[in-house]
Amino acid sequence: MVESKHQWKAWLYLAPAIVLLLVFTVWPIVNTVRLSFLENYNGMKAAGGATFSIGLWNYEKVLSYPKFTDTLFNTIILCVLTVPISTILALLIAVALNSIKPLQKTLQTIFFLPYVTNSIAIGMVFAAMFNVIGSALGTPQENIESYGIINNIIMLFGFDHQSWINSTSTYEANLFVMTVYIVWNALPFKILVLLGGLQSINKQYYDAAKIDSTPRRRVFTRITVPLLSPMIAYVVITGFIGGFKEYSSIIGVFGDKKMGPPDDPDRLNTMVGFIYDSLEKNREGLASAAAIILFGIILVVTFINLWVSKKRVHY
Amino acid sequence: MTEIVNSAATTMAGSPAPQRGANAQVRSSRILRMLVTAGTYAFLLFMALLVLFPFYWMIISSLKTTEEYRLNVPTFWPQSIQLVNYVNAFTEANLGRLFLNTAYVGIVSTILSLVITILTAFAFARLEFKGKNILFAGMLATMMIPGELFTITNYQTVNTFGWMDTYTVLIVPFLVSVFYIYLLRQNFMQIPNELYLAAKVDGTSDFKYLWKVMVPLALPTLISITILKMMGAWNSYVWPRLVTKSEEMRLITNGLRGASLKDANGETHYPMQMAAVAMVSAPLFLVFIFLRKYIMHGVSRSGIKG
Chain A
7 MVESKHQWKA WLYLAPAIVL LLVFTVWPIV NTVRLSFLEN YNGMKAAGGA
57 TFSIGLWNYE KVLSYPKFTD TLFNTIILCV LTVPISTILA LLIAVALNSI
107 KPLQKTLQTI FFLPYVTNSI AIGMVFAAMF NVIGSALGTP QENIESYGII
157 NNIIMLFGFD HQSWINSTST YEANLFVMTV YIVWNALPFK ILVLLGGLQS
207 INKQYYDAAK IDSTPRRRVF TRITVPLLSP MIAYVVITGF IGGFKEYSSI
257 IGVFGDKKMG PPDDPDRLNT MVGFIYDSLE KNREGLASAA AIILFGIILV
307 VTFINLWVSK KRVHY
Chain B
2 MTEIVNSAAT TMAGSPAPQR GANAQVRSSR ILRMLVTAGT YAFLLFMALL
52 VLFPFYWMII SSLKTTEEYR LNVPTFWPQS IQLVNYVNAF TEANLGRLFL
102 NTAYVGIVST ILSLVITILT AFAFARLEFK GKNILFAGML ATMMIPGELF
152 TITNYQTVNT FGWMDTYTVL IVPFLVSVFY IYLLRQNFMQ IPNELYLAAK
202 VDGTSDFKYL WKVMVPLALP TLISITILKM MGAWNSYVWP RLVTKSEEMR
252 LITNGLRGAS LKDANGETHY PMQMAAVAMV SAPLFLVFIF LRKYIMHGVS
302 RSGIKG
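Chains as they are written, first to last, in this note's numbering: chain A, 7 to 321; chain B, 2 to 307.
Please note: incorrect hints may appear among the correct ones.
To be verified - Here are the computed lysine-lysine pairs in the DSSO-like style, where the Cα-Cα straight-line distance is at most 27 Å:
{"#": "1", "chain 1": "B", "residue 1": "Lys246", "chain 2": "A", "residue 2": "Lys251"}
{"#": "2", "chain 1": "B", "residue 1": "Lys294", "chain 2": "A", "residue 2": "Lys111"}
{"#": "3", "chain 1": "A", "residue 1": "Lys263", "chain 2": "B", "residue 2": "Lys263"}
{"#": "4", "chain 1": "B", "residue 1": "Lys246", "chain 2": "A", "residue 2": "Lys263"}
{"#": "5", "chain 1": "A", "residue 1": "Lys15", "chain 2": "B", "residue 2": "Lys213"}
{"#": "6", "chain 1": "B", "residue 1": "Lys209", "chain 2": "A", "residue 2": "Lys15"}
By construction, these hints were calculated from the structure, which means they are not laboratory data.
Chain A on its own, in the form it takes in the complex (with noise of 0.2 Å):
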């Protein structure tokens, strides 16, 4: 080749990239898998000379810590409550979407809008749309000025008015409201990829169940999901992988620092939120061990993933 002769030009070309890489990606493995190593390691008392001792005392600690257990158990619950929903909702709405011919760019974008949000900024707007104005105590002497849109719209179909994130409300309304949120938050990255997908399936498979006079739904469970299984795949695994990172959607409905209505607000903390908490605690040594702890449940979440699909994805 004649370039060969010039390798260190290459090197050239790669340099600034090589050298940021070193410092801020390829450091912090190693440092951060080493400081998980180090028993209850902090910042602070390192700086001041203080040595620890090396071992799975971190681990251990964090794993018996209920902070994070209950950390762990939310990420999971809102992890399982919604990739589902939000993927089986893109999915009928691509199918939709790619059915009909009027006004299907107009829907597609506005299908699309909730991406190119900020989610603390459209996280506050739920927060403004689920609140109830006034001094919510769950008391009669309560004085309550506005029940908020939610249940406003709820009241209108002679349901009973609920407290969503303010004080007394319950987890499961605190679920119930950041699962809404999320969900629509994902959806337009996965209806993007889902109509992609549908699109590119060769017209030839329904020209064939048409002959066959194949009923609509044998179509859909026959045709278009076993083709658009690796799309189905893929929507499913990012979703996971976002859904273990959960956090700022969070702070975005409850405020400031806050994981959790008023008078709990580490109610929904989730194991970003753990260790980003640790960290400012100065405790990088339980932060690592849980930033490992989190790789490792993506590691195996995504794996997991990867061989039920090889089992059910066609490709």
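Start from chain A and add chain B according to the hints.
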């Protein structure tokens, strides 16, 4: 799809009474087809309403007075349009400074990031050197790791460098994105190698070839990268919160969620808050309206928000 429905309907309508005339079959199949189409549109329009409702509520709430916002029976159109909420929110949340900070960080980091991405992608796409494939595979592997794992050490590193509370700390740690390098390399690979060899014969330097031929040809991908990177700066929340302490260094999202927009009674002024949210969201929508194609192109391949 509709043809299938048509034929399916024909069989369904036809099987119980095959002796019926062809006209009746066609009529019933047409009715079924219309029902399915109507149902599809009803479903899509309903979902579109759900998707749009938060935006609608944000805008009309931002135009109300607090008294109207707090009405027990909500109004779906403001009684009097209060543009003053926007003015107040802009000054009280100090949005001007936040906008400038975010724009500065976004523009500088996008330009630097583009330069690095172009150089790296070119080396991987066109140049030959030892260990190329291993290096590229290693870089791709880092994409699996959640960003939080890097944040812990990076927080210490920038502290050691003495970068806390500066623009540098908001820009430098995120300049290299393996995903953008991957995206651009794929694009560069599609450019025929003959062009490169022809340029070599003419004595064009690698660098000149890169800027005069490859960059213009890969412009759509570069635009996608630019938009995604700018959106990332606009939406970043956690890192700026960790590494900036002073008000002057805050980025827009931190300022927005942290701002206390209160009315005279010390209670949250929701219309003002919604006005601030609308102003922060507006640039994203403008970019989306004009550059929709590029955003959707980039996003469909990434799966990562921001």
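Going through the hints against the structure:
no. : hint                : in the structure
1   : B:Lys246 - A:Lys251 : 24 Å, holds
2   : B:Lys294 - A:Lys111 : 12 Å, holds
3   : A:Lys263 - B:Lys263 : 19 Å, holds
4   : B:Lys246 - A:Lys263 : 15 Å, holds
5   : A:Lys15 - B:Lys213  : 18 Å, holds
6   : B:Lys209 - A:Lys15  : 14 Å, holds
The structure agrees with every numbered hint stated previously.
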